[in-house]
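4 protein chains.
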Amino acid sequence: MVGEEQAVLDHGFVRLDAVLADDLSVVNSARVSLAKRSDWEYSVGGNHRELSKADKGLVKFLMTKRHGTPFEHNAFRFHVKAPLFVFREWQRHRIASYNEMSGRYVQFDNPDFYVPDEFRQRVEGSKPGAYAYETWKGNNKQAASLFARHNQDSLDLYEWAINNGMATEHARIVLPVSLYSEMYWTTNARSMMNFLSLRNEQQAMAEIRAYAEVVESIFAFYMPVTAEAFRANGRMAP
Amino acid sequence: MVGEEQAVLDHGFVRLDAVLADDLSVVNSARVSLAKRSDWEYSVGGNHRELSKADKGLVKFLMTKRHGTPFEHNAFRFHVKAPLFVFREWQRHRIASYNEMSGRYVQFDNPDFYVPDEFRQRVEGSKPGAYAYETWKGNNKQAASLFARHNQDSLDLYEWAINNGMATEHARIVLPVSLYSEMYWTTNARSMMNFLSLRNEQQAMAEIRAYAEVVESIFAFYMPVTAEAFRANGRMAP
Amino acid sequence: MVGEEQAVLDHGFVRLDAVLADDLSVVNSARVSLAKRSDWEYSVGGNHRELSKADKGLVKFLMTKRHGTPFEHNAFRFHVKAPLFVFREWQRHRIASYNEMSGRYVQFDNPDFYVPDEFRQRVEGSKPGAYAYETWKGNNKQAASLFARHNQDSLDLYEWAINNGMATEHARIVLPVSLYSEMYWTTNARSMMNFLSLRNEQQAMAEIRAYAEVVESIFAFYMPVTAEAFRANGRMAP
Amino acid sequence: MVGEEQAVLDHGFVRLDAVLADDLSVVNSARVSLAKRSDWEYSVGGNHRELSKADKGLVKFLMTKRHGTPFEHNAFRFHVKAPLFVFREWQRHRIASYNEMSGRYVQFDNPDFYVPDEFRQRVEGSKPGAYAYETWKGNNKQAASLFARHNQDSLDLYEWAINNGMATEHARIVLPVSLYSEMYWTTNARSMMNFLSLRNEQQAMAEIRAYAEVVESIFAFYMPVTAEAFRANGRMAP
Chain A
0 MVGEEQAVLD HGFVRLDAVL ADDLSVVNSA RVSLAKRSDW EYSVGGNHRE
50 LSKADKGLVK FLMTKRHGTP FEHNAFRFHV KAPLFVFREW QRHRIASYNE
100 MSGRYVQFDN PDFYVPDEFR QRVEGSKPGA YAYETWKGNN KQAASLFARH
150 NQDSLDLYEW AINNGMATEH ARIVLPVSLY SEMYWTTNAR SMMNFLSLRN
200 EQQAMAEIRA YAEVVESIFA FYMPVTAEAF RANGRMAP
Chain B
0 MVGEEQAVLD HGFVRLDAVL ADDLSVVNSA RVSLAKRSDW EYSVGGNHRE
50 LSKADKGLVK FLMTKRHGTP FEHNAFRFHV KAPLFVFREW QRHRIASYNE
100 MSGRYVQFDN PDFYVPDEFR QRVEGSKPGA YAYETWKGNN KQAASLFARH
150 NQDSLDLYEW AINNGMATEH ARIVLPVSLY SEMYWTTNAR SMMNFLSLRN
200 EQQAMAEIRA YAEVVESIFA FYMPVTAEAF RANGRMAP
Chain C
0 MVGEEQAVLD HGFVRLDAVL ADDLSVVNSA RVSLAKRSDW EYSVGGNHRE
50 LSKADKGLVK FLMTKRHGTP FEHNAFRFHV KAPLFVFREW QRHRIASYNE
100 MSGRYVQFDN PDFYVPDEFR QRVEGSKPGA YAYETWKGNN KQAASLFARH
150 NQDSLDLYEW AINNGMATEH ARIVLPVSLY SEMYWTTNAR SMMNFLSLRN
200 EQQAMAEIRA YAEVVESIFA FYMPVTAEAF RANGRMAP
Chain D
0 MVGEEQAVLD HGFVRLDAVL ADDLSVVNSA RVSLAKRSDW EYSVGGNHRE
50 LSKADKGLVK FLMTKRHGTP FEHNAFRFHV KAPLFVFREW QRHRIASYNE
100 MSGRYVQFDN PDFYVPDEFR QRVEGSKPGA YAYETWKGNN KQAASLFARH
150 NQDSLDLYEW AINNGMATEH ARIVLPVSLY SEMYWTTNAR SMMNFLSLRN
200 EQQAMAEIRA YAEVVESIFA FYMPVTAEAF RANGRMAP
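Residue numbers (numbering that gives the first Met the number 0), protein chains in the order written: chain A, 0 to 237; chain B, 0 to 237; chain C, 0 to 237; chain D, 0 to 237.
Think of the hints as simulated: they come from the structure by calculation, not from any bench.
Hints are supplied without guarantee of correctness; some may be wrong.
[Unchecked claim] EDC-like, lysine to aspartate or glutamate: derived pairs with alpha carbons at most 16 angstroms apart:
(1) A:K64 to C:E200
(2) B:K55 to B:E227
(3) A:K55 to A:E3
(4) A:K55 to A:E227
(5) B:K64 to D:E200
(6) B:K136 to B:D116
(7) C:K64 to A:E200
(8) B:K59 to B:E49
(9) A:K140 to A:D116
(10) B:K136 to B:E117
(11) D:K55 to D:D111
(12) D:K64 to B:E200
The following block holds chain A by itself, in its conformation from the complex (with noise of 0.2 angstroms):
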């Protein structure tokens, strides 16, 4: 899984780049803490995509009590592409490691923009704050058009600027947050467990909620048992 390259929304991509993490790691370090040791032998022995009943109990058991650190012994390193608009939104989780493209250094070559296929509407909930979607009752192709318009004209002068001479952290300010830009994103899986719980859930915003969707099926990939176990605690976090 490691390399390749998941496409989500018209542009963007999320790409596992590196990885260390499996459901074993969550059992070794709480066994730490609780010194059992004799099992911990055999589980290092054993298959590390097969935990024992015991050791599966062991993690849910620290999904549910709320022992989060035995979740932070592992590392994802993310390569991903998305919209400005959602990596604001994705930053502001700080327990994480990013490398962004730079508009300042950068000198955007025919860069990508995201327009939606199908735009949205809100509808009012029936309590306050909450809010559910539904496709925008709008000419959704005219929209489309409008945006896509908007996008080339916004990348036109930004260019003449450039042409001109001007530096790059300047023309750039002129871009919308649907430009694509790229980062690298490490974090564990107690960190991304607080990610999945926000951002692949109901009142996401959908495109953060796309890209979190795939993250989720990665980390269930290598780390089942606490994925499992994350889903049976109501997707918390410890």
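Mind docking chains B, C and D on chain A? Use the hints.
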């Protein structure tokens, strides 16, 4: 100084919303480690804005020797209005608290956009990766006019979408990163010194530097001995 | 309440050293996101200790929906005296600032040691991993006497080493984890609620719980609406 | 190198449990910012342990200019056995993950205690706050013998309490901070360099420095170019 908006750029500001900070807290928290309790009592009874010579020496010692934790027992809460491309750099500083206006929830009503008075162009420095900036040799008035018209076009398209019932979270993706937003930012002196060392600095982007200069003046007002020690230490955070 | 030592255990205390916290800061920082600025002005002019009904509802909404960041724009600075084995649990909470008395630098002069009035024994609960505690059925007076004598023996050996010129950092390694130490601890309400959810809780060690109870009473004094919402949320931090 | 226990002090060890780290990840995550994608492809296809000259220069540039984030996209997971007074310093480093053996849950069975071969005494340096250490001029054999007997007395009292049914969390409070414990510690290269700059350093306590030396050798094995740049930068973390 609390409560006052200090203007930055064409439409932004920094406003100190609340503060719990003085140099004495650095001295006292360090004295817990060193257990020189007699001096400590003396200082507590003294004038908080005028540390003793020994106390000033301690602050300098802590800064130089990279004893960073005594500089964390304080809090500055700011209300800031700045363009999105400035906030994107700012919010990468993870040891701080942020709440920002949300383009998902807020329907922008005649928002502000940043247009520089004078544009910049980049000049290659003598070393690779080292750039300098000078005033753009192009037609600055023309560029400002084109940028302002583009901002208005972006806003017109946004309003067309809103007026036709599109969700704010979709309509806003056409807005450029020059859009002004607002945030609450709470941080402590140690994290702030790290911010200042990177953002109130020659290589920093001029726009974030304009904000960082105001932040530094507020920091220096409340913690003058610490700010002086920071400068004497080559502006390296401890 | 600031400045007052509240006694905990046989020789410990919690003292609020300084504070910048009220419920209004939660409301105002959240309102930046939601941009309901008119209400906000009103609240600022009002009584800080009595939020409007709408504001109270907002605090509850933020807690329930896990919008955690508005609870971070505040600071509580505590001075705490507690045994080492309590500090070892406490300082594992990483989103906070600590400065503690150092056994490397300080030469202990007649330090205090914790000796329980009454000891505990563990009773197996019905589920694995769930324990209850009850009063130890052994001779509590005898144990207290033996523990106290041991503390004195430890101190005698420490002082023998010190008096013979040994470095404090070596002499202190004979001292037991019942030794009292002191620290400055600065945290915000969100991190504090996480601390309280784990430490002012039935499964927590009774000794750290005694401290957490005092911390919670101080928290509830300064942020009563937040504290009430925390309890109504099953004591889960947002 | 993974899996091997490297002995430290009289009974401790550092064991690298798992690792996801190389110098190339520094280069690649930085290249996302700078968008020099062609070089990047080349490096990916090349020998991971031998960066190109340009790549080495980039690592050095990032270190010197304090671009710290590219050094975070990696993970080292260690299993460490050390005395409590060493762990108390170690665990103050907050940007890392810890799970430690718990004296509440574990009943110690013939545990180890640290007794120095040779004790130290402190010598005043020329400047205030600057100390040096030399071999203690007292009777080192006698001290080691007294310390060892004291450890045994502590353990005897612990076992008397345990044998009489006292809860482990109460019995253990008589044990000295020379007691060995075990932990899992997961960190990234940037946080590790901060740890090394403070703990593998002349002013650091010799016991934690002994551990930090082993950690640094492991770090330098997996990220040789980064380790070299760290040293060339005066051992300052970026």
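Comparing the hints with the structure gives:
{"no.": "1", "hint": "A:K64 to C:E200", "in the structure": "12 angstroms, holds"}
{"no.": "2", "hint": "B:K55 to B:E227", "in the structure": "10 angstroms, holds"}
{"no.": "3", "hint": "A:K55 to A:E3", "in the structure": "29 angstroms, violated"}
{"no.": "4", "hint": "A:K55 to A:E227", "in the structure": "10 angstroms, holds"}
{"no.": "5", "hint": "B:K64 to D:E200", "in the structure": "12 angstroms, holds"}
{"no.": "6", "hint": "B:K136 to B:D116", "in the structure": "13 angstroms, holds"}
{"no.": "7", "hint": "C:K64 to A:E200", "in the structure": "12 angstroms, holds"}
{"no.": "8", "hint": "B:K59 to B:E49", "in the structure": "15 angstroms, holds"}
{"no.": "9", "hint": "A:K140 to A:D116", "in the structure": "8 angstroms, holds"}
{"no.": "10", "hint": "B:K136 to B:E117", "in the structure": "10 angstroms, holds"}
{"no.": "11", "hint": "D:K55 to D:D111", "in the structure": "44 angstroms, violated"}
{"no.": "12", "hint": "D:K64 to B:E200", "in the structure": "12 angstroms, holds"}
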